Amino acid sequence: RCNGRDLFAAAFGLLYPTMETVMERTGWGYDDLDVIFCHQPTKRFVEKAIPFLGDAGKAAGKLWGTAERYGNTSTTSLALAMAEAEEAGTLVAGAKVLVLAPSSGVSAAAMTMVW
Numbered sequence: 185r186c187n188g189r190d191l192f193a194a195a196f197g198l199l200y201p202t203m204e205t206v207m208e209r210t211g212w213g214y215d216d217l218d219v220i221f222c223h224q225p226t227k228r229f230v231e232k233a234i235p236f237l238g239d240a241g242k243a244a245g246k247l248w249g250t251a252e253r254y255g256n257t258s259t260t261s262l263a264l265a266m267a268e269a270e271e272a273g274t275l276v277a278g279a280k281v282l283v284l285a286p287s288s289g290v291s292a293a294a295m296t297m298v299w
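Under our numbering, think of the first position of the sequence shown as 185, with each following residue one higher.
It should be emphasised that the hints constitute simulated quantities derived from the structure, not laboratory data.
This one's a predicted model, so the numbers in the text were calculated from it and none came from an experiment.
There's no promise every hint is true.
[Stated by the list, open to error] Below 25 Å or equal to it, Euclidean Cα-Cα: the simulated SDA-like pairs (lysine to any residue) are: (1) Lys227 with Ala267; (2) Lys227 with Leu217; (3) Lys280 with Asp239; (4) Lys246 with Val206; (5) Lys232 with Ala251; (6) Lys242 with Thr205; (7) Lys227 with Thr259; (8) Lys246 with Ile234; (9) Lys280 with Thr296; (10) Lys232 with Ala193; (11) Lys242 with Ala277; (12) Lys246 with Leu198; (13) Lys246 with Ala285; (14) Lys227 with Ala194; (15) Lys280 with Thr210; (16) Lys242 with Leu217; (17) Lys280 with Phe229; (18) Lys227 with Gly213; (19) Lys242 with Gly213; (20) Lys280 with Ala240; (21) Lys232 with Ala293; (22) Lys246 with Asn256; (23) Lys227 with Leu275; (24) Lys246 with Val281; (25) Lys242 with Glu252; (26) Lys232 with Val290; (27) Lys280 with Asp218; (28) Lys246 with Ala272; (29) Lys280 with Ile234; (30) Lys280 with Thr260.
Can you build the whole structure from these sequences, using the hints too?
Given below as structure tokens:
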């Protein structure tokens, strides 16, 4: 039987250090970011994650998500969020972006890019 709390803790336990590493390697601070995309971030996920983020939690307002509007969009979640943010004028040329991909298979990926 799956224990959601333990699964969240395990996935987030990987995501936070992965995110910190990529930000450090890029040389950006969270204030430098224009927008953050995370695979399938629900409002509940974000609310639960904020206390664990330290300084990174201040950037939570830059998170662009689609799960609340569209539900589980599986592998299209990041592309959908980026397309929507671009259409809204949030994701523009030169924007500094952090992309996060935590997985319930308990893996995590993060990357930064300039749009």
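25 Å limit on alpha-carbon distance, applied to hinted pair Lys280 and Asp239: Answer holds: Lys280 to Asp239 is near 17 Å, not above 25 Å.
Given pair status - Glu252, Lys242, alpha carbons within 25 Å: holds, 21 Å
Given hint Thr296 paired with Lys280 - CA-CA distance at most 25 Å: holds, 7 Å
Distance restraint between Lys246 and Leu198, which requires alpha-carbon spacing of 25 Å or less: This hinted pair holds, its Cα atoms lying about 21 Å apart.
Lys232 paired with Ala293 [C-alpha distance capped at 25 Å]: holds, 19 Å
Proposed proximity, Gly213 with Lys227 (alpha carbon, max 25 Å): This hinted pair holds, its Cα atoms lying about 24 Å apart.
Satisfaction of hint between Thr260 and Lys280, Cα-Cα up to 25 Å: holds, 21 Å
Proposed proximity, Asp218 with Lys280 (alpha carbon, max 25 Å): holds, 5 Å
Proposed proximity, Ala285 with Lys246 (alpha carbon, max 25 Å): Holds, at about 16 Å.
25 Å Cα cutoff - pair Lys246, Val281: It holds: about 10 Å lies between the C-alpha atoms, which stays within 25 Å.
Given hint Ala267 paired with Lys227 - CA-CA distance at most 25 Å: Measuring from Cα to Cα gives roughly 20 Å; hence the hint holds.
Pairwise hint evaluation, Ile234 against Lys246, where the allowed Cα distance is 25 Å at most: The hint holds at about 13 Å.
When each numbered hint is compared with the structure, no violation occurs for any of them.
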